[in-house]
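**Q** Make the full structure from the sequences, and use the hints.
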Amino acid sequence: MRISALSLATALLMVGATSALAASPESDFKTAYAAAEAANKEAGSLRNQWTVTAVALAAAKKAADAGDFDQAVAQSKEAEALARASIYQATSEKDAWKALEIK
Amino acid sequence: MRPVIQFVSAALALTALAFGGVPSAVAADKPDPVADAKAFRNFFTKKFPQVRLEDFVNGPYSMNEDMHRQWEEKEQFPPYEFALDMGKEMFTKPFKNGKSYADCFPNQGIGVRQNYPTFDEKEGKVVTLELALNRCREANGEAPLSYVKDEMAALTAYMAFTSRGKPFDIKIPDDPRALEAYQNGKRYFYTRRGQLNFSCATCHVQEPGERIRAEVLAPALGILNAMPIYRSEWSGMGTTSRRFTTCNSQIRGVPLEPQADEYRDLEYYLSYVSNGLPISGPGARP
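Read top to bottom, the protein sequences are chains A and B. Here the first sequence stands for residues 0 to 102, where the numbers follow numbering that gives the first Met the number 0. Here the second sequence stands for residues 0 to 285, where the numbers follow numbering that gives the first Met the number 0.
Keep in mind the hints are simulated off the structure, nothing from the lab. Glycine included, every Cβ here is placed at the ideal spot set by N, Cα and C. Where hints are given, some of them may not hold.
Negatives, chain B to chain A, calculated, CB over 12 angstroms [as the list claims (entries may be wrong)]:
1) Trp70
2) Arg134
3) Asn139
4) Ala142
5) Glu150
6) Lys170
Restricting the straight-line Cα-Cα distance to at most 27 angstroms, the calculated cross-link-like pairs of lysine-lysine (DSSO-like) are [unchecked claim]:
7) B:Lys29 <-> B:Lys45
8) B:Lys124 <-> A:Lys93
9) B:Lys29 <-> A:Lys93
10) A:Lys102 <-> B:Lys73
11) B:Lys37 <-> A:Lys97
**A** Here it is, written out as structure tokens:
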């Protein structure tokens, strides 16, 4: 009986903790948007941002302003993926450009 | 003891050999603008044996006989004529302090376009004609002009016109910073960027003469000799800055600010490898 009470208490505590940790759609958006912005900033430091990243970021913001957080998260993730691709491009081109050189 | 000494000697000899090899490896990587320019010219003249060397400055019009005819007709009433008149007026009109552009340039700014960009050894950077014009304005208390709009295009059109037929004569002084700027420009030219993963060379080395949508791509050899240009697509004049930034956005890359170091270095490289080809600006393009 004592063990059962303890288990119940533990389970209740876990549920409480989980719901406290569970993110709201808005905070999911904020997290995803911040990650996308940080990646795009890194691309900027490499002087290699893409216009489509800015478009996806703007679409994410617009969706969030309209309260459509699913769309806002999807656009943020799209923006982050594009920014990461531009970082990869800038990094790999540090040497790859030589393959195109007229010699 | 002896084997130990022999081993150490052999190791030292190997080390010496290894380090002795370094300078030649570095030398092999050292930029060689003269060799680059020669290879650049050879590449295009072999690719287009029917095009006369000096005709490369006419861009897409040198690639196709029909287009060449169109261009000759266009030159009867050139669309850049208004810009030329405006440029001449701007160039000769004194600033508020009584000085003028002529006071900022060698030979009063007449017939000097072929020498730009130059490398300013004091600043340690490339100075383009557009930049020199704005610096002249600022030094005389005038506000700088936009690098991508009509007034700058008009001024450079007039200066280019006074240099027509003069061969590009870009100098790389014996200064490691100048060589670095040249090399940076070359790297920028060949580096892929934007979501389309294009470099300048993708269009202007790999595909000149081919169409990209309705446009015939110009060869990189002589591509800046015609700047600034009137573009029918823009319904107006465009500066070198406008051309570079537009190229970047067309491949879905965020353009850098006009006259960023990268663009200055790119102009330095592209102009240098076209040394000897005549200035034909201002030009007209589809």
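**Q** Hint by hint, note whether the structure agrees.
**A** Evaluation of the provided hints:
For B:Trp70, the condition that its CB be more than 12 angstroms from all CB atoms of chain A holds, with the nearest at approximately 26 angstroms. Even its closest Cβ contact with chain A, about 24 angstroms, leaves B:Arg134 beyond 12 angstroms, as expected for a residue assigned away from the interface. Distance check on B:Asn139: its Cβ is at least 32 angstroms (rounded) from any Cβ of chain A, clearing the 12 angstroms threshold; non-interface status holds. For B:Ala142, the non-interface assignment is confirmed: its Cβ lies about 27 angstroms from the closest Cβ of chain A, beyond the 12 angstroms cut-off.
Listed as outside the interface, B:Glu150 is consistent with that label: its C-beta sits roughly 27 angstroms from the nearest C-beta of chain A, beyond the 12 angstroms cut-off. At roughly 22 angstroms from the closest C-beta of chain A, the C-beta of B:Lys170 stays outside 12 angstroms, upholding its exclusion from the interface. Between B:Lys29 and B:Lys45 the CA atoms are separated by roughly 26 angstroms; this keeps the pair inside 27 angstroms, and the hint holds. Taking the CA atoms of B:Lys124 and A:Lys93, the gap is near 22 angstroms; set against the 27 angstroms cutoff, the hint holds.
About 16 angstroms separates the Cα atoms of B:Lys29 and A:Lys93, which keeps this hinted pair within 27 angstroms; it holds. With a CA separation close to 36 angstroms, the supplied pair A:Lys102 and B:Lys73 exceeds the 27 angstroms bound. At most 27 angstroms may separate the alpha-carbon atoms for a hinted pair to count; B:Lys37 and A:Lys97 meet this at roughly 17 angstroms.
Violated hint: 10 only; the structure is consistent with all others.
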